[in-house]
Amino acid sequence: MIERRRTQPDQDLTRPGRGIRRVLEDEHVGAAVRVDTHRPHAGQTIRVTAEDLRQLAAEIGIDAIGAARAEPYAETERHIRERRARGLFADMRFTMAHPEESCHPETLLPDARTVVSAALCYYALEPERPPEHGRLPRYTWWDAYAELREKLDAVGRRIGGTYRVLVDANQHVDREGAARSGVGFYGKNTMIITQRHGSWVVLGTLVTDAELEPTPPLDADCGSCRLCIDACPTGALDEPGTLDANRCLSYWTQSEHEMPDDYRPRLGAQVYGCDICQDVCPWNRGVEKRRAQAGLPPGAQPHVSLADWLAADPHELRERYRRLYVPRNDGRLLQRNAAIAQENISA
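Note that our numbering numbers the sequence shown so that position 192 is 192, with each residue one more than the last.
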């Protein structure tokens, strides 16, 4: 879902000793951010400081946020084209299909000035898996993307001006925006790793014609750690920082092609995706400890009945799990995964 809006900051307040400041308000989250001294007219630029942005994110409930100038991602575009030529993406498309668009945020909105990147943590402790049930990856237990989309829309309304929200969208490489703005850094497993929530986050982007103070990239990396590389059961991360989709279990659960026989038992009870390279990451230990006593979010579904999936009408099953990417919207591919998981559990 992509949103475009033209908005104005909601009202001006006069504060003793400070003069007139712009305060952006939302009826649900209140007032917080100060921007230009006067209400912007055509040709005027809205300006927001980094501290204003962080305060706004905290009030709206975004776990990490940053801003970078809307400029081409030249190095990322080069990497995408090089890795695509090597066949490392298999037949995946997503943001890799058209890097001439996804690596050029400056083209996503007329007069785009700033890319705002945001992260929302979705980590929850996994309960014990019931017998004869398959496992879903954490990011699919509930629709964190939809929640982040709403929160970024609230950010756009509060800042004012014209903006575009892109969450789980092929038009923008969210990971590069997050790295440039200091939301996180690239891990050896290719995930964006945030300082406080590790890689257990979904990412989203807001492109705006407002001018936000850039936030610097993080001075952090994986160092000599190679736990994710060694833990991957199919060697998909043997080249650190590069994923070979042809050897990735998550890719094969989303592919319409037949899974290689030697990969099938390595899925275990997994019916979609894979969390192994995140499960072993040391950067994820902090949020896991902090949330150890927290319950599951409302409606979260870590496990699914294999019998139910196998007996369901494929179309109905696909409709029930719209948040999952399934090629050609073919529910039979989910049932294929369920059959593999059932075979593994019964072995």
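It is worth saying that the hints were derived from the structure and are not from the lab. Any given hint could turn out to be false.
[What the hints assert, rightly or not] With a straight-line Cα cutoff of 20 Å, these simulated SDA-like cross-link-like pairs (lysine to any residue) come out:
(1) Lys289 - Pro130
(2) Lys289 - Glu126
(3) Lys289 - Cys121
(4) Lys289 - Gln195
(5) Lys289 - Arg175
(6) Lys289 - Ala124
(7) Lys289 - Pro127
(8) Lys289 - Asp279
[Stated by the list, open to error] Pairwise CB distance ranges, derived in the manner of DEER restraints:
(9) Thr107 - Pro240: 30 to 38 Å
(10) Arg69 - Arg290: 18 to 26 Å
(11) Ala339 - Gly223: 38 to 46 Å
Source: prediction; values computed, not measured. No residue lacks a Cβ here, since even glycine has one placed at the ideal position from N, Cα and C.
A quick look at each hint next to the structure:
1. This hinted pair does not check out: Lys289 and Pro130 have alpha carbons roughly 24 Å apart, beyond 20 Å.
2. At roughly 13 Å between alpha-carbon atoms, Lys289 and Glu126 fall within 20 Å of each other, so this suggested pair holds.
3. Of the pairs offered as hints, the one joining Lys289 and Cys121 holds, with about 14 Å between alpha carbons and a cut-off of 20 Å not exceeded.
4. For the given pair, Lys289 sits about 14 Å from Gln195 by alpha-carbon distance, which is consistent with the 20 Å threshold.
5. The suggested pairing of Lys289 with Arg175 is violated, with an alpha-carbon distance near 25 Å, which exceeds 20 Å.
6. A C-alpha spacing of about 10 Å is found between Lys289 and Ala124, which places the hinted pair at or below 20 Å, so the restraint holds.
7. Of the supplied pair hints, the one linking Lys289 and Pro127 holds, its CA atoms being roughly 15 Å apart against a limit of 20 Å.
8. Distance hint between Lys289 and Asp279 is fulfilled; the C-alpha atoms sit about 13 Å from each other, no more than 20 Å.
9. Here the CB-CB span from Thr107 to Pro240 is close to 31 Å, well matched to the stated 30 to 38 Å.
10. In this structure, Arg69 and Arg290 break the distance hint of 18 to 26 Å, their C-beta atoms being roughly 33 Å apart.
11. Distance hint check for Ala339 and Gly223: the Cβ-Cβ separation is about 41 Å, which falls inside the suggested range of 38 to 46 Å.
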